[in-house]
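Residue numbers (the numbering used here), protein chains in the order written: chain A, 3 to 211; chain B, 3 to 211.
Simulated from the structure, these hints should not be mistaken for lab results. Warning: the hint list may mix true and false statements.
Label pairs and their calculated CB-CB ranges [to be verified]:
hint, chain 1, residue 1, chain 2, residue 2, range
1, A, 93, B, 128, 47 to 57 Å
2, A, 40, B, 29, 48 to 58 Å
3, A, 92, B, 157, 33 to 43 Å
4, A, 196, B, 68, 30 to 40 Å
5, B, 190, A, 139, 27 to 37 Å
All residues carry an ideal CB built from backbone N, CA and C; glycine is no exception.
Protein chains: 2
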Amino acid sequence: MAEQLTLHEDPRSGNCYKIKLTAALLDLPLATRQYDIMAGDTRTPEFLGKINSNGRIPVLEIRDGKNVRFLPESNAACWYLASDSDLIPQERYAQADMLRWMFFEQYNHEPNVATLRFWLTFVGEANLSDQQRAQVMAKRIAGCDALSVMNTELAKSDFLCGDKVTLADIALFAYTHVAGEGGFKLADYPELGPWIDRICSLPRFVPMT
Amino acid sequence: MAEQLTLHEDPRSGNCYKIKLTAALLDLPLATRQYDIMAGDTRTPEFLGKINSNGRIPVLEIRDGKNVRFLPESNAACWYLASDSDLIPQERYAQADMLRWMFFEQYNHEPNVATLRFWLTFVGEANLSDQQRAQVMAKRIAGCDALSVMNTELAKSDFLCGDKVTLADIALFAYTHVAGEGGFKLADYPELGPWIDRICSLPRFVPMT
Numbered sequence: 003m004a005e006q007l008t009l010h011e012d013p014r015s016g017n018c019y020k021i022k023l024t025a026a027l028l029d030l031p032l033a034t035r036q037y038d039i040m041a042g043d044t045r046t047p048e049f050l051g052k053i054n055s056n057g058r059i060p061v062l063e064i065r066d067g068k069n070v071r072f073l074p075e076s077n078a079a080c081w082y083l084a085s086d087s088d089l090i091p092q093e094r095y096a097q098a099d100m101l102r103w104m105f106f107e108q109y110n111h112e113p114n115v116a117t118l119r120f121w122l123t124f125v126g127e128a129n130l131s132d133q134q135r136a137q138v139m140a141k142r143i144a145g146c147d148a149l150s151v152m153n154t155e156l157a158k159s160d161f162l163c164g165d166k167v168t169l170a171d172i173a174l175f176a177y178t179h180v181a182g183e184g185g186f187k188l189a190d191y192p193e194l195g196p197w198i199d200r201i202c203s204l205p206r207f208v209p210m211t
Numbered sequence: 003m004a005e006q007l008t009l010h011e012d013p014r015s016g017n018c019y020k021i022k023l024t025a026a027l028l029d030l031p032l033a034t035r036q037y038d039i040m041a042g043d044t045r046t047p048e049f050l051g052k053i054n055s056n057g058r059i060p061v062l063e064i065r066d067g068k069n070v071r072f073l074p075e076s077n078a079a080c081w082y083l084a085s086d087s088d089l090i091p092q093e094r095y096a097q098a099d100m101l102r103w104m105f106f107e108q109y110n111h112e113p114n115v116a117t118l119r120f121w122l123t124f125v126g127e128a129n130l131s132d133q134q135r136a137q138v139m140a141k142r143i144a145g146c147d148a149l150s151v152m153n154t155e156l157a158k159s160d161f162l163c164g165d166k167v168t169l170a171d172i173a174l175f176a177y178t179h180v181a182g183e184g185g186f187k188l189a190d191y192p193e194l195g196p197w198i199d200r201i202c203s204l205p206r207f208v209p210m211t
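For reference, chain A alone in the conformation it holds in the complex (with noise of 0.2 Å):
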């Protein structure tokens, strides 16, 4: 690959870890800028304009001579890295299944597990306000039940699309390995833990910093 690959990023977002261990799954070189989004850094006009008009990290710089292009939304930032690799099947079906995991991630697990991690660990209960306050509870009941609906599927195979490691595993890895910090209880999740070991122990692994 002869492109330049930039990763802007926060290194507490598990959004942005997806695509660094990605990258290190697949040996991709990838230079990262950091930012911090609690101080309003991904709010700029700048950033806004010119990086993401959702305001939002991740964001993968593609940069390839004079060419520079931007990527948003972390799932699609690791299926750019993950083209033509082994982490991305080819049958038409397991290709799907796969981005159901994706998908799942995005609606029923990251805005419940990994909010809920936000708020209890970054922002503190006690800084919480009322509105957020009022949802603490319905997002721990959606994210037991999004831990709930992978740990059936693991019972049934090691990897969620069977027997090899996909992107959809690295998608629900990200905030399921930390989802203690947001209050869950993942010895409740009997699956997951020897999941979680099984991604942990593949070559190239990186940890969450």
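Put chain B on the given structure of chain A with help from the hints.
Relative to chain A, chain B alone:
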């Protein structure tokens, strides 16, 4: 395609409509089986055990002789149907950028634009729980932000990923064109009306019923 396709759906759902629109544009036969999500039809033991452990529609059933597979998540079902069609760009960045909009749809758009439509048009404002009522303003703001991000992009090109329609447009059209039912004012986003017209003018377009 030798396989038989059946959509497990609630016709009120834009997530189900996406799949029907994709099938129609591609001229693929698609049977349907109806559920009433408000009556709990998707939470029965049979549905959870056999069709989708996540208890949600849409689910695409793919039957090939005696082999039956189920594919949850609307955007994954669209991806399956559109594989190898012009609705998915093949160039690496373009394909990832299309997925970027589909993840954006599930994370930033649907939970706000679709949820407010569901709450205001189907549940009814008077029947909202206190917890739902407390979220209306935040969802209004986030939904407007999502429509604004689309508007910014559509000022640059006819469709979200350039000059041709892709699954990104279908995914985001589903709830955008009925956003008025959630109290959003589409006239505030001048690029959206012409984009909606372009999609409605596509050959084999079918309306949401």
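Exercise. Measuring from beta carbon to beta carbon, are residue 190 (chain B) and residue 139 (chain A) in 27 to 37 Å?
Worked result: holds, 34 Å
For this session: Take the C-beta atom of residue 40 (chain A) and the C-beta atom of residue 29 (chain B), compute their distance, and say whether it sits inside 48 to 58 Å.
Result: The hinted range 48 to 58 Å holds for residue 40 (chain A) and residue 29 (chain B), with Cβ atoms some 50 Å apart.
Exercise. Taking the beta carbons of residue 92 (chain A) and residue 157 (chain B), is their distance inside 33 to 43 Å?
Worked result: holds, 36 Å
For this session: Starting from the hint 30 to 40 Å, judge whether the C-beta atoms of residue 196 (chain A) and residue 68 (chain B) obey it.
Result: Because 32 Å falls inside the window, the suggested range holds.
For this session: For residue 93 (chain A) and residue 128 (chain B), compare the CB-CB distance with the range 47 to 57 Å and indicate the outcome.
Result: holds, 49 Å
Checked against the numbered hints above, the structure breaks none of them.
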